[in-house]
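Please assemble the complex out of the two chains, which come individually in their own frames, going by the hints.
Residue numbers (my numbering), protein chains in the order written: chain A, 1 to 275; chain B, 1 to 66.
Be careful, since some hints might not be right.
Below, simulated BS3-like cross-link-like pairs (lysine-lysine); rule was C-alpha separation at most 25 Å, straight line [what the hints assert, rightly or not]:
1. A/K146 <-> A/K230
2. B/K55 <-> A/K230
3. B/K8 <-> A/K230
4. B/K49 <-> A/K239
5. A/K230 <-> B/K24
6. B/K22 <-> B/K49
No lab work stands behind these hints, which were simulated from the structure alone. Quantities reported herein were computed from a predicted structural model and do not represent experimental measurements.
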Amino acid sequence: MSFTEEQITRYSRHILLPEVGGKGQKKIAQAKVFVVGAGGLGSPVALYLAAAGIGTIGLIDSDVVDLSNLQRQVLHHTPDVGRSKVQSAKEKIFLLNPDVNVETYEDRFTASNAMNYIAPYDVVIDGVDTFPAKFLINDACYFAGKPLVHGGILRFEGRVFSIVPGQSACYRCIFQQPPPPGLVPSCQEAGIIGVVAGIIGTIQATEALKLILGIGDPLTDRILDFDARKTAFREIRTKRNPRCPLCGNHPDVTELFEHEQEACQLQAPGALGIS
Amino acid sequence: MQITINGKPEEVQADTVMDVLKQKDIDPHMVAVELNTQIVERDRLPTTKVQDGDKVEFLFYMGGGA
Chain A
1 MSFTEEQITR YSRHILLPEV GGKGQKKIAQ AKVFVVGAGG LGSPVALYLA
51 AAGIGTIGLI DSDVVDLSNL QRQVLHHTPD VGRSKVQSAK EKIFLLNPDV
101 NVETYEDRFT ASNAMNYIAP YDVVIDGVDT FPAKFLINDA CYFAGKPLVH
151 GGILRFEGRV FSIVPGQSAC YRCIFQQPPP PGLVPSCQEA GIIGVVAGII
201 GTIQATEALK LILGIGDPLT DRILDFDARK TAFREIRTKR NPRCPLCGNH
251 PDVTELFEHE QEACQLQAPG ALGIS
Chain B
1 MQITINGKPE EVQADTVMDV LKQKDIDPHM VAVELNTQIV ERDRLPTTKV
51 QDGDKVEFLF YMGGGA
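Pulled out of the complex, with its shape left as it was, chain B reads as follows (with noise of 0.2 Å):
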């Protein structure tokens, strides 16, 4: 299956958001996640299915400023 990933076509073999997660290693701690413009919450990642031709966004924690 086909899904975008930050804006890149990938190919992953993944049944929910949180099994794209896994596959591409990232803690769900650490990320924000976007389905397809709605934010997945963290406690949704693994009920929420991932389809062929979707937009996946990861957006990592980014606290500084100072």
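So that you can see chain A by itself, here it is in the shape it has in the complex (with noise of 0.2 Å):
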């Protein structure tokens, strides 16, 4: 493949870094994105990868925007109330870089088509609101062999790391598994400042073009938490678990499976501020 004229000025930010080059971008073009949920997370995602130059970014959300969505999820404007997300974002995407190919896929992500969703992409992204869709996501990568960039927010705080899976810790290295119901609240229920999600997001969508170029080192068997109430960031170093049920020595997930939803119905605000 070769850029045009256009293309070698809208890229030419990129293409002047010695990391990149035209020979970077050109990998950039030819990369295919899964992004899982066109929310608070995917917009940012979505967002930076288009204007990168992403050749597919593929987006799946079942969801229509509602108003309350637009305080962070920048991917949706006021006259896309009640609209499918997918749809909406696919018009941004297009309005910001019509090079991008954009796959929308107006589904629930679930066991029985996870699979099939993520197979033709290189690289999967995490922007889905509940744990069970979280462990679905780590345990298909897992399966697939799909780098993942996992991420999680919650009220002022937000998390991001890396997955390689074989390679580094994954999610069940670290959580076995979701939380009891009803003991860690959701956005929905405990609040989200908007801007944690776009923090999360554009750290996401850097660790992908990091990943698809093969510059730099990822956020692999290092987790990234982020405060911002203190505006600090938390390196937790960690390796794969021996012991994880999904990559371990002796895993006991051997298939993909949905955990329970959780309960909408918050018990506990417990020991959240400790830090």
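Following this line, the structure appears as structure tokens:
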């Protein structure tokens, strides 16, 4: 493939970087990234990857845009309320960069369709808001051997790390299973400061680009936690867990399944304040 | 005994990782616990010893994204 004059201008600030160059920009243009969830995390991820010139962005989300989403889901604008999120997202991506091929799936990501959905893609992004979905994405990426960039947000905090299956610690190496129902609140119950989605999502996009380009040090075996109240990052070094129920020496998780959806009520605010 | 909790040195009276959790008033179901970069699964919290100078990290669940 070769770039047009217009594309060379569009991507000139990338091409100037010795670590990217024309060769790297071609890798970006040939890459396919699958974003699960076109919401708080999915918005910055999809926008920055689109701006970067990613060849194909796959987006899956079964939701429609709600007015309460607009405080953080920057893919969607006020007139989009009530419209399909993936359709709204596709339009914004096209306006930003018509070079990008956007594949949209107005569907839920489930144990029965997960493997088919991620198969054509090079990198997967977690932009979902339930624990069962986060574990499902982790497991599917492990079985498919796809690099995954995990993201999670709550209140003023966020977490991001990359997973190269079989090589670095996976989500289950750290959290073997979802918390008991009702113990950990969702953003819907506990709130989320909108910008944290932007901060974590842009780091996820950065990691995806680095994985595609093969540059720098990936955020693997390191968990990056961010606290907006302190504007502080905490890096937690980790490693693969030999007792991981998925990628450990004696796995219990040998096929895809969905954990029970957690109950939508909060029992104990508990000791979340620690840090 | 002094250990480092989430990057900060703290004085604790604890024999096991579970003792540290209790002292910090943390429900073990709400966190993943790492001792010196090694994950300690929930069932091993009461039997895993802590020593002076150990580094303990608590990772609370964060399930949001949308």
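Quick rundown of the hints versus the structure:
Annotation: proposed proximity of A/K146 to A/K230 is violated, straight-line Cα distance about 34 Å (limit 25 Å). At roughly 22 Å between alpha-carbon atoms, B/K55 and A/K230 fall within 25 Å of each other, so this suggested pair holds. A hinted pair counts as satisfied when its Cα atoms are at most 25 Å apart, and B/K8 with A/K230 qualifies at roughly 15 Å. Straight-line distance between C-alpha atoms of B/K49 and A/K239 comes to about 20 Å, which keeps the hinted pair within the 25 Å bound.
Only pairs whose Cα atoms come within 25 Å are accepted, and A/K230 paired with B/K24 is accepted, the gap being roughly 21 Å. Taken as a hint, the B/K22 and B/K49 pair is honoured in the structure, with Cα atoms around 14 Å apart against an allowance of 25 Å.
Hint check: a violation occurs at hint 1 only; the rest are consistent with the structure.
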